[in-house]
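Line by line, the protein sequences are chains A and B. Going by our numbering, the first sequence opens with residue 47, and the numbers climb by one from there. Going by our numbering, the second sequence opens with residue 24, and the numbers climb by one from there.
Source of the hints: derived by calculation from the structure; they are not laboratory data. Mixed in with the good hints there might be a few duds.
[Said to hold, decoys possible] Partial selection, computed: residues in chain A whose CB lies under 7 Å from chain B: (1) T163; (2) G399; (3) Y610; (4) S703; (5) V704; (6) V706; (7) V709.
[To be verified] Below, in silico cross-link-like pairs of lysine-lysine (DSS-like), each with a Cα-Cα straight-line distance of 30 Å or less: (8) B:K273 to A:K547; (9) A:K577 to B:K232; (10) A:K489 to B:K145; (11) A:K492 to B:K273; (12) A:K631 to B:K145; (13) A:K257 to B:K276; (14) A:K492 to A:K577; (15) A:K667 to B:K347; (16) A:K802 to B:K276; (17) A:K577 to B:K145; (18) B:K347 to A:K802; (19) A:K489 to B:K195; (20) A:K776 to B:K347; (21) B:K195 to A:K257; (22) B:K291 to A:K492; (23) A:K263 to B:K85; (24) A:K547 to A:K697; (25) A:K257 to B:K273; (26) A:K631 to B:K232; (27) A:K263 to B:K347; (28) A:K614 to A:K547; (29) B:K347 to A:K644; (30) A:K489 to B:K273; (31) A:K644 to B:K291; (32) A:K147 to B:K232; (33) A:K614 to A:K697; (34) A:K577 to A:K423; (35) B:K276 to A:K263; (36) B:K145 to B:K85; (37) A:K333 to A:K423; (38) A:K667 to B:K232; (39) B:K85 to A:K492.
A virtual CB, placed ideally from N, CA and C, is assigned to each residue, including glycine.
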Amino acid sequence: MRKNNNALTLAVCVAAMLGGSSSTWSEEPKTQDQETTSAPKTQDQETTSAPKTQDQKSTSWDMSPTAAPFTAPESVYSFGVSVLDGDRQQRGMFDGREDDKTWVLLDARLRSRDDATGTWGIAEGHDLGLTDNRDLLLGYERQGEWGLRFEYLEIPRIAPYTANSKNEGLGTSKQIIANSTKFGDGQTYHIETERDRLIFNAFHTLNNHIKFNVNFKHETKEGTRQWGRGSANEFLLEPIDYRTLQFDPTIGYSASDLQLLGGYSGSWFRNENALVDTYLQGDDTSKLASHTYLVLPLDNEAHQFYLTSGYNFSPVTRVNLKISYNRAQSNEHLPTTDIAGLSYANGPTRLDGEVNTTSMLLGFTTQPLPGLSITTKLRYFDEDDQTPGWLVVDIPAAPKAKPPTPEIQVHSTPVSLRTMTSQLEGTYRLPYETTLTGGVEHKDQKRQVPFGNDIVADGLDDERFVPWRTDLDETTFRLRLGRSLSETIDGSIGVEHGIRKGSEYTDSVKIMGNAQGKINPFFIADRDRDKVRLAMDWRPLERLGVQVNVENAMDRYGPEQEPYGRRKGSAQLYSVDVDYTPVDKWLLTSWYSYDINKTWQDGGRWSSTGVHEADKSSVLKDIGSSLGLGVRNQWNEKVKLGSDVQWTRIKSSFDESVSVDPVSAATPAYPSGVTPLGEIITPSTRLNTFLEYKGLGPGILRCDYTHERWSSNDWTWKFSDGSSYVYSAKTDGTLIETKDTQSSDFFGVMYTTHFK
Amino acid sequence: MFFIEKNPLLSLDGALLGRNDLLGGGNLNVLRCAQAVCLCLILLFRVFPAAAAEGKESPVRKDVVLRGDAECTFCHDEEDSTTLLAIGKTRHGTLADRRTPTCTSCHGPSRNHLKKQEGQEKRPKPDITYGRRAPALRLDARIDEDFGNFKTPGSPAAVINQACITCHQGDKLMFWSGSVHANQEMACTNCHEIHTDHDRVLDRQSQPKVCFGCHKVQKSMFNRPSHHPVPEGKMTCSNCHNAHGSLGHKSLKWDSVNETCYQCHMEKRGPFLHSHPPVAENCLNCHNPHGTAVADLLNHRTPYLCQSCHSDTSHRGQVAGLPKDRSTNPGVLGSIARGCVKCHTNIHGGNSTENSTQSGRFRR
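My request is simple: use the sequences and hints to build the entire structure.
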């Protein structure tokens, strides 16, 4: 050990002579042999320890020269170059590495500290060599007193397909559909957005108890995403030019028994575009009917005030409270009212939208008996939509039309929800290292939309198409048993049962009495939910660890008198993680997981005149399997190498049976030209191999090779014969192209240096 | 005075005489003289402790990393474990901040550990231990990115957590007591590493791997083709959740699901002239933020997703199917391309005042 330590010290000194740098290899986690020597010294060891003179053994602010390298903040930076060859549009959606590219690798994590004042300087950056995927953090603070922090982050999102279109003005405020049946001879569009985020943070602490903190965030999001014209199968690109601001000042007080935090949170959303005008090439644009106007998200803002607190009545009893009030507003001028003749004459020109949310949250924990802890929570959440019930659409009745049409009105739809949730949970520590946790949670919700109110003369809403409930109640019971079976095994099992019921579905002339309205919207339907979770950590050997997880969940929806909608849902997960060190300097790891999600859903089909044509029953499955294997080897003091491989397979299936109504047997189960959905199977493999070498100067040279394969028979952008999707046969020949098989090779060389 | 209680002779040997002088074979008389001097000093210190305390030339060992760590770093020095000394690199080791702890603040006084009792073969552990990462995972910090947070057992979670809570209360930790993790007896050190200046759970790149160690369902979902950019290191679990507890749903940092989503998707906040009630109520009605096999994090493909609420005449009840080509009636194109939202394109809410039924159906 001594020889090693001397060597270690020598290495540090040499590193220092080489410019104040020392390799991390000297500080890597210890191997098994090393660890066995890290126990406190025996007396014998102590007698043979190197004597420490007064000079050598000093305080950290007058530190031992041999200890100093291990106690001073460490910085690290890496630089190198990498090459990507091939396609990885699917995997590269968020990292800007979607196809052939060569770029500089540059990462840094720099730390400095003035020990005399406790002042830190922090600089951290990732992917600094990429132009659209960088992040940077700069900080300067005196620990416990004040600090400033600045962060910059780029997040790209690149659609994994391209569009070839002859439409004009895509992504702008005036978009013209080509009005052509040709396809494939237009301009190629890469559809992407990029977020640029700036965050500034400052804090100041007084007397170790009072802390002022302020966060400011500025983010822009620019680019385009797919959009539609609303009434036709045509391709548009929504222009995205968003700017969001957030301002969050807080003041906090913290003492041993009482903590308080109060603050304001303001956020503002601004959209540079409000309206998009679209029309067909060649149409007479002087006519209103030629235009389709689409409204983009309008400016909005929210202002919240809140106070949170925690108080320790005793070492085992604590109360938490949070009170907040939030006002979300949107009152920008409604742009379609500027188009002559487009809007209802007496409709609003501004939304005057306002949603006021009041929440009160109370938590109480205590230990009335040794080994027994009890937690209760009460949560009141009132989301009150004060947006006026505007009459937006008023189309007079047309009794002479064939067929005659009644008056049609559409009002705005403010949604208000008030929810009270109460929870009681107790944990009891039983003998034999066993812990039993039991709890119950009850949720009571009042739900309001302008249903049957005075905006409709007959008291029945003739605008809604979906059943609604004004009350929901849900009660959930939980039980969990955890046990430490020995020093090497931990296990737990948890079960949960929930029951959700609601009031009668609210009547609507659109729904009442019509068979097609007999549906249970899943988010308000009656529901029985059961969950089981098993978990085990087992370390039979110091060198072998196993972790097993099993989860099962089942939902059943009702009531039965509403025959359509989701009937059942289930989810299972099985996973195993294993790590094994067969001999020193070798490490093997593996994991496997299998999950399956199923949904049973029923539906009906009616003609536009209301004739029942068919009923259908569907079983939707989503199955995921993943396997990972890894190996590491410390070849010698200078060389380390390793490899990881991950294989994943996602399979989605859509088993739908269609039962044609004998009354309308002439209607086929599938319309002409439509075939049932096929399975979607998406396998992917990723192999990464690396080699690290320390022998070139003070740092580590690392080489990485990664091979990725991804394929899918996803038909989202295909027709049934496998050809690429093309928009409207009459007006828009926009072609969407995907790459069903993607394969890429990545090679990177990076040099990493640590220094103090 | 501690070292005298611990092992006075050895300590003094170490302090007063160089090891080479002792063992180098030189002059035994020198050694004997030195030992005699030591004994005298011991006697002096025991009889006149005040004198020892005031002595400028006191051989009392000084701290190495933390205030008051001398009794620990006497053994746990750089020759023993650089890992332990790495506390000096951290905020806990910033001595100018007078709030920072010493070893025994977290590990307890540990008198039995400091002084092995007669007859004990193995030195007892400190009063509070935090477990260590399994040896296999210590070999390479990167390896655990796809594996559980294997740790050897330490003290009970409540004991560990109390050591941390003593100083860390308020702010983000306000609701730790009674939180899901606290009630499931998670220890702070199940996620956090203390003796390092690079705590993985505080790093955007590595934090998700720490969470995935237990949250296997979420790990599985992030392997789906459509997911938030968490595996890519552009987001973290803590962007949405507070692992230290909150009074909200699923430990979300904000009071509701939608409020959480609006932090980044503010354009969906509205209020809108035409609200879509399930959207205004809960984004999770249609999306799974952790990942799905459907684009845009949808729970199901259209038309199934829409048909779980909408049942009516015309195209609403269409069968799911693949059209043979683009001449197919658009009324049965709900399965492919953008599905139903090809036309209902402002599905999160609309602000069109067009005097047409289309505006209220999110088509404008």
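Results of checking the hints against the structure:
no.: 1; hint: T163; result: holds, 5 Å
no.: 2; hint: G399; result: holds, 3 Å
no.: 3; hint: Y610; result: holds, 5 Å
no.: 4; hint: S703; result: violated, 10 Å
no.: 5; hint: V704; result: holds, 6 Å
no.: 6; hint: V706; result: violated, 11 Å
no.: 7; hint: V709; result: violated, 15 Å
no.: 8; hint: B:K273 to A:K547; result: holds, 22 Å
no.: 9; hint: A:K577 to B:K232; result: holds, 25 Å
no.: 10; hint: A:K489 to B:K145; result: violated, 54 Å
no.: 11; hint: A:K492 to B:K273; result: holds, 21 Å
no.: 12; hint: A:K631 to B:K145; result: holds, 27 Å
no.: 13; hint: A:K257 to B:K276; result: holds, 20 Å
no.: 14; hint: A:K492 to A:K577; result: holds, 26 Å
no.: 15; hint: A:K667 to B:K347; result: holds, 24 Å
no.: 16; hint: A:K802 to B:K276; result: violated, 36 Å
no.: 17; hint: A:K577 to B:K145; result: violated, 45 Å
no.: 18; hint: B:K347 to A:K802; result: violated, 66 Å
no.: 19; hint: A:K489 to B:K195; result: holds, 26 Å
no.: 20; hint: A:K776 to B:K347; result: holds, 16 Å
no.: 21; hint: B:K195 to A:K257; result: holds, 13 Å
no.: 22; hint: B:K291 to A:K492; result: holds, 23 Å
no.: 23; hint: A:K263 to B:K85; result: violated, 46 Å
no.: 24; hint: A:K547 to A:K697; result: violated, 34 Å
no.: 25; hint: A:K257 to B:K273; result: holds, 28 Å
no.: 26; hint: A:K631 to B:K232; result: holds, 23 Å
no.: 27; hint: A:K263 to B:K347; result: violated, 49 Å
no.: 28; hint: A:K614 to A:K547; result: holds, 16 Å
no.: 29; hint: B:K347 to A:K644; result: holds, 28 Å
no.: 30; hint: A:K489 to B:K273; result: holds, 14 Å
no.: 31; hint: A:K644 to B:K291; result: holds, 29 Å
no.: 32; hint: A:K147 to B:K232; result: holds, 28 Å
no.: 33; hint: A:K614 to A:K697; result: holds, 20 Å
no.: 34; hint: A:K577 to A:K423; result: holds, 22 Å
no.: 35; hint: B:K276 to A:K263; result: holds, 17 Å
no.: 36; hint: B:K145 to B:K85; result: holds, 27 Å
no.: 37; hint: A:K333 to A:K423; result: violated, 61 Å
no.: 38; hint: A:K667 to B:K232; result: holds, 27 Å
no.: 39; hint: B:K85 to A:K492; result: violated, 66 Å
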